[in-house]
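Chains A and B are the protein sequences, given in the same order.
Residue 4 is where the first sequence starts when you use this note's numbering, and the numbers rise one by one after that.
Residue 22 is where the second sequence starts when you use this note's numbering, and the numbers rise one by one after that.
Any given hint could be a false lead.
Below are the EDC-like pairs computed for lysine to aspartate or glutamate, each with C-alpha atoms no more than 20 Å apart in a straight line [said to hold, decoys possible]:
#: 1; chain 1: B; residue 1: LYS521; chain 2: A; residue 2: GLU129
#: 2; chain 1: B; residue 1: LYS633; chain 2: A; residue 2: ASP108
#: 3; chain 1: B; residue 1: LYS168; chain 2: B; residue 2: ASP291
Where chain A lies over chain B, by a calculated footprint (3+ residues, C-beta under 8 Å) [as the list claims (entries may be wrong)]:
#: 4; stretch: 390 to 402
#: 5; stretch: 513 to 521
FYI, nobody ran anything at the bench for these hints, they're computed from the structure.
Even glycine gets a Cβ: it sits at the ideal position worked out from N, Cα and C.
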Amino acid sequence: MAAEKVNDQERDNPEMVALREEALAALSKAASLAELEEARVAFLGRKGKLTSLLQGIKDLPPQDRRRAGMMANRLKGWLEQAIDEREKELRRMELEAGLRGERLDVTLPGRHVTYGSRHLISSIIEEIEDIFIAMGYRVAEGPEVELDYYNFEALNTPEWHPSKSLQDTFYVDASAVGREDVLLRTHTSPVQIRVMESTSPPLYVIAPGKAYRHDVPDATHSPMFHQVEGLAVDERISLADLKGTLEFFAKRMFGEDRAVRFRPHFFPFTEPSAEVDVSCIICGGKGCRVCKGTGWLEILGAGMVDPNVFGYVGYDAERYSGFAFGMGVDRIAMLKYGVPDIRYLFDNDLRLLAQF
Amino acid sequence: MRVSLQWLSEYVELAIDAYELAERLTMAGTAVEGVEKLGNELDGMLVGRVLEVTPHPHADRLRVCRVDLGERSVDIVCGAPNVRPGMLAPVAPPGTRLPDGSTIGEAVIRGVASKGMLLSERELGISEQAAGIMELEEAAEPGFPLKKALGAEDTVLVLEVTPNRPDCLCMLGMAREVSAVTGARMRRPHFQLKEDDPPAADDVRVDIIDSDLCSRYSARLIEGLEIAASPWWMRRRLRAAGVRPINNVVDITNYVMLETGQPLHAFDFDLLKDGNIIVRRALAGESMVTLDGVERRLSPEDLLICDPRGPVALAGVMGGEHTEINEATTRVLLESAHFDPANIMRTSRQQGLSSEASYRFERGVDPSGCARAADRAAYFMRELAGGRIRRGVIDARAREIAPLRLSFRVERASKLIGIALEAKEARRVLQSLELEVTAEKAGERGAVLEVEVPTFRPDLEREIDLVEEIARIHGYQNVPSTLPSSSARVGTLTPGQRFKREAARVMCGLGLHEAVTVSFISEAWMDRLDPAREWLPRFPVRLRNPLSEENAVMRPSLLPGLLEAVRFNVNRRVSDVHLYELGRVFLPQEGEALPREPLMLACALAGDWVPKQWSGDAEAVDFFTLKGIMERMASSLMVQEFSLQREELPFLHPSQSCAVLVKGEKAGFMGTLHPRVCDHADLPRNIAVMEIELSLFEAARLEPHFREIPRFPTLQMDLAVVVDEEIEASALEKAIRETGGELLYEARLFDLYRGEQLGEGKKSLAFNLVFCAMDRTLRDEEARASFEVIVTALRERFGARLRA
Ligand SMILES: [Zn+2]
Chain A
4 MAAEKVNDQE
14 RDNPEMVALR
24 EEALAALSKA
34 ASLAELEEAR
44 VAFLGRKGKL
54 TSLLQGIKDL
64 PPQDRRRAGM
74 MANRLKGWLE
84 QAIDEREKEL
94 RRMELEAGLR
104 GERLDVTLPG
114 RHVTYGSRHL
124 ISSIIEEIED
134 IFIAMGYRVA
144 EGPEVELDYY
154 NFEALNTPEW
164 HPSKSLQDTF
174 YVDASAVGRE
184 DVLLRTHTSP
194 VQIRVMESTS
204 PPLYVIAPGK
214 AYRHDVPDAT
224 HSPMFHQVEG
234 LAVDERISLA
244 DLKGTLEFFA
254 KRMFGEDRAV
264 RFRPHFFPFT
274 EPSAEVDVSC
284 IICGGKGCRV
294 CKGTGWLEIL
304 GAGMVDPNVF
314 GYVGYDAERY
324 SGFAFGMGVD
334 RIAMLKYGVP
344 DIRYLFDNDL
354 RLLAQF
Chain B
22 MRVSLQWLSE
32 YVELAIDAYE
42 LAERLTMAGT
52 AVEGVEKLGN
62 ELDGMLVGRV
72 LEVTPHPHAD
82 RLRVCRVDLG
92 ERSVDIVCGA
102 PNVRPGMLAP
112 VAPPGTRLPD
122 GSTIGEAVIR
132 GVASKGMLLS
142 ERELGISEQA
152 AGIMELEEAA
162 EPGFPLKKAL
172 GAEDTVLVLE
182 VTPNRPDCLC
192 MLGMAREVSA
202 VTGARMRRPH
212 FQLKEDDPPA
222 ADDVRVDIID
232 SDLCSRYSAR
242 LIEGLEIAAS
252 PWWMRRRLRA
262 AGVRPINNVV
272 DITNYVMLET
282 GQPLHAFDFD
292 LLKDGNIIVR
302 RALAGESMVT
312 LDGVERRLSP
322 EDLLICDPRG
332 PVALAGVMGG
342 EHTEINEATT
352 RVLLESAHFD
362 PANIMRTSRQ
372 QGLSSEASYR
382 FERGVDPSGC
392 ARAADRAAYF
402 MRELAGGRIR
412 RGVIDARARE
422 IAPLRLSFRV
432 ERASKLIGIA
442 LEAKEARRVL
452 QSLELEVTAE
462 KAGERGAVLE
472 VEVPTFRPDL
482 EREIDLVEEI
492 ARIHGYQNVP
502 STLPSSSARV
512 GTLTPGQRFK
522 REAARVMCGL
532 GLHEAVTVSF
542 ISEAWMDRLD
552 PAREWLPRFP
562 VRLRNPLSEE
572 NAVMRPSLLP
582 GLLEAVRFNV
592 NRRVSDVHLY
602 ELGRVFLPQE
612 GEALPREPLM
622 LACALAGDWV
632 PKQWSGDAEA
642 VDFFTLKGIM
652 ERMASSLMVQ
662 EFSLQREELP
672 FLHPSQSCAV
682 LVKGEKAGFM
692 GTLHPRVCDH
702 ADLPRNIAVM
712 EIELSLFEAA
722 RLEPHFREIP
732 RFPTLQMDLA
742 VVVDEEIEAS
752 ALEKAIRETG
762 GELLYEARLF
772 DLYRGEQLGE
782 GKKSLAFNLV
792 FCAMDRTLRD
802 EEARASFEVI
812 VTALRERFGA
822 RLRA
């Protein structure tokens, strides 16, 4: 602070020294801008003390005037700067005091911002898609209203198969075009046939989508549900490759510490076929209500593409082999998020949707 | 299929416990759904020997029995007529719980203390026989636990047999499977048939007329039978298998079916006319009464077993009532036949009648097993029912079904399974399943096995079927896990798929929740939205067999589903509903079997967009809430030239109804739901809705392109003009942009005002205009000149005047 730099010459003039002390006291006493202004007027105003002192210099003997003038001007400069600084300080204090008065209840809720959410089925499908895209698969689609040929026949399902009955499959009234073989696909597997018809091997695709079965809705059945189908056809594809692929998927989807179990099963369009279990995501395999005490949850059906299916699409079954798999997305979503009833998925209750 | 392990162990050694066996069978393709322990209901009951029977001092029909229970003897009061000294009988001491749930106490019956109860079969819960105390046949010591003495301690595996494995629907088949998975040897039952003259053929004749549906019919004639209950061990096994015991003859047919898989039928021979069996299709209009007492109308595709008078059985499904085994039966004609699976399935379906026999025939019964099963049943009828077996089987064979021969390439199996399979191992596995390897040859790429497939495995028709057998017996758990070796593949989404994902994300980001609604709607919704079918298809995609009329139509629009979801929420007091859905709709195509299934994006907004808060009032959803969302969506997705154009749709508020255009083409609609629809559908008013075909938006997408940013200061001027009410803001804005020239950088409408001083039918629109030049600092006069050009144009085109 300039006030500290008192030089020796000033000390020679007791009057100026006193004035400086007085000004210093007045400035620090000023607690508001108004008081500071009063102090400024008292020293630097037209009738202020320093002004008077400056005016008195002309009455001094000429040999003293120059020196006194210099000293008085220096004092004036010092005082102006001191007032300036004090003013800044007072302004800062005043702002600070004002801000403290603007206290908020920071626990009030924030201003509303609208937000949205993806449906859990869509999230799961995307998650599954991304896992397979990372393994080099493409995503294929096919119609939900299908022909018997794609849904059953080309998938090696015999004409008399029980799943074709009116009690199991929804049929479309296509009398306008004179057909009885139009239905709602009962699985996403017909996409396999459509993809193979239009593409030559090698191919690696998954096909997510809706499927329909003639089931009265209950906690575990819905006439509309979602599946993801997978198909890989190449030279030298083996059952071991199917195992490795689905193990990779299951660990990505359900966690690295999940075990996967392949049980032989029967499907018309794969051979050999398997049902695939993942160690229970609820109890980790110890056994609980969800896994009915077995420690396993069945989540997939899979197998090696039956040579008959290759026959339908004109692939050389001696040169190419392939595997296919299908999984129920709704069931996976229910298991993963603990949703107890499949009907909840299609009620679209916002109190559920907003959770995901 | 229920498999008693006690029974099974007669045919194969079971060295592992039930749970281990269940696990091994499951891992070999026969899923075990449950493991049931039997016999626990007999806990606490003992074998007792009746020592002494004395009359009850105070009751004529009661007697007091002294019963030896091994370590002690007790007195039991009993009313059964068949108690006699020396008999072995089941005893429930006080404190025992009976299968019906009651508990035996110490009782004083008419002044005599009774310490327990002698039990009838009904009280034991093992039959309906209540007439007397059960006599224990098997040698047992008094005091021995009853469940051990009865052999009632058993474990049953409940199996899920897949439809391709009919051979697993019997004990011998399961024993074969167990032998294959455990390596234990199989033991086939040995029995010696004692036949009597004269030959059966003297009295029995079988004619197969429709040989396409019946390849073989084996019959035996057994005489001198005495109908009674079958022995306890047989009844116990039938019960464990889930079959109700009836009488010895019927039980034997069921028992042999469960043992061998061959369904059998027993006719009362004396009720068959002329001893003549005729196998033929039903005649038009023919009918018969089956064992369950139901009169069956037959169709000419149903196969019948007849005598010269008419039908006596619905072949392979159920016998006829007329020739049923009864108390008086002494002579039985035993049928063991092979029928066409598809035909049995058809008849069973059509008649709504399924039986243990039809279940097996429709999956495929071993055509070579008929005669042996008939022999086995005849053997039991002689042993257990006192019958005489007339010499010889009447074996009518219409066709021979020979075992199939397949070539099996070991290398091919190795490649498909992904293991290094040796010919020796392949041979071992095949032989463990009773597939005969008749030769081994050296093929181009290793060994080729010639395999003869027995007729009980109709599912093994091709080499690949054998590969599956190898894989499952080898064990999937022993197959390594690898990934496909070819690396020539790239995983990616198509641009359309990526666009769909982006659209979903943008909608969420804009504050909407994604809904997934069911694809079925009702015709009533169609009528509600568009009674005259001006907009919805006149003939939508309808289901032939919907679950209900509510679910009969495949949605031609996402709107009904979304509106149902709005109603669902509003009914649950969730009134601010902001939903979108991305899904397919179904639009019939002229002359095509399949409809078009475009992917649509639809929204429904109801209630408040911003709820009432401490800091401000609620903001209700309206037309412009949704329009704002659509504009943001279009710009976020880089969709060019998005606009709305007034168009009245039948289900929208007539003044708030628009077509959505992209690049001048219609891509959907947007508006406020017509109050008529709201009221009719029990929905709140003011629901903003839209639906667009997503691919049309995608087609209008442009890659973003850099537009020069002004580097020199811009000049802003506000332009407020008064125009007639009908003049649309977009027309003014378009004119401003057209006439503003190069210097006009941006124009944005920021105010709409109506007021008295403007006059009736007038409104004021204010635009904020930004002028700049890209190469210099713009002078006021230049901007002003441009401004004047705009004002002049608006005046000339729209009669607009500047608002003071
Ligand atoms: Zn569990």
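Against the structure, the hints come out as follows:
{"no.": "1", "hint": "LYS521/B - GLU129/A", "verdict": "holds, 11 Å"}
{"no.": "2", "hint": "LYS633/B - ASP108/A", "verdict": "holds, 19 Å"}
{"no.": "3", "hint": "LYS168/B - ASP291/B", "verdict": "violated, 41 Å"}
{"no.": "4", "hint": "390 to 402", "verdict": "violated (count 0)"}
{"no.": "5", "hint": "513 to 521", "verdict": "holds (count 4)"}
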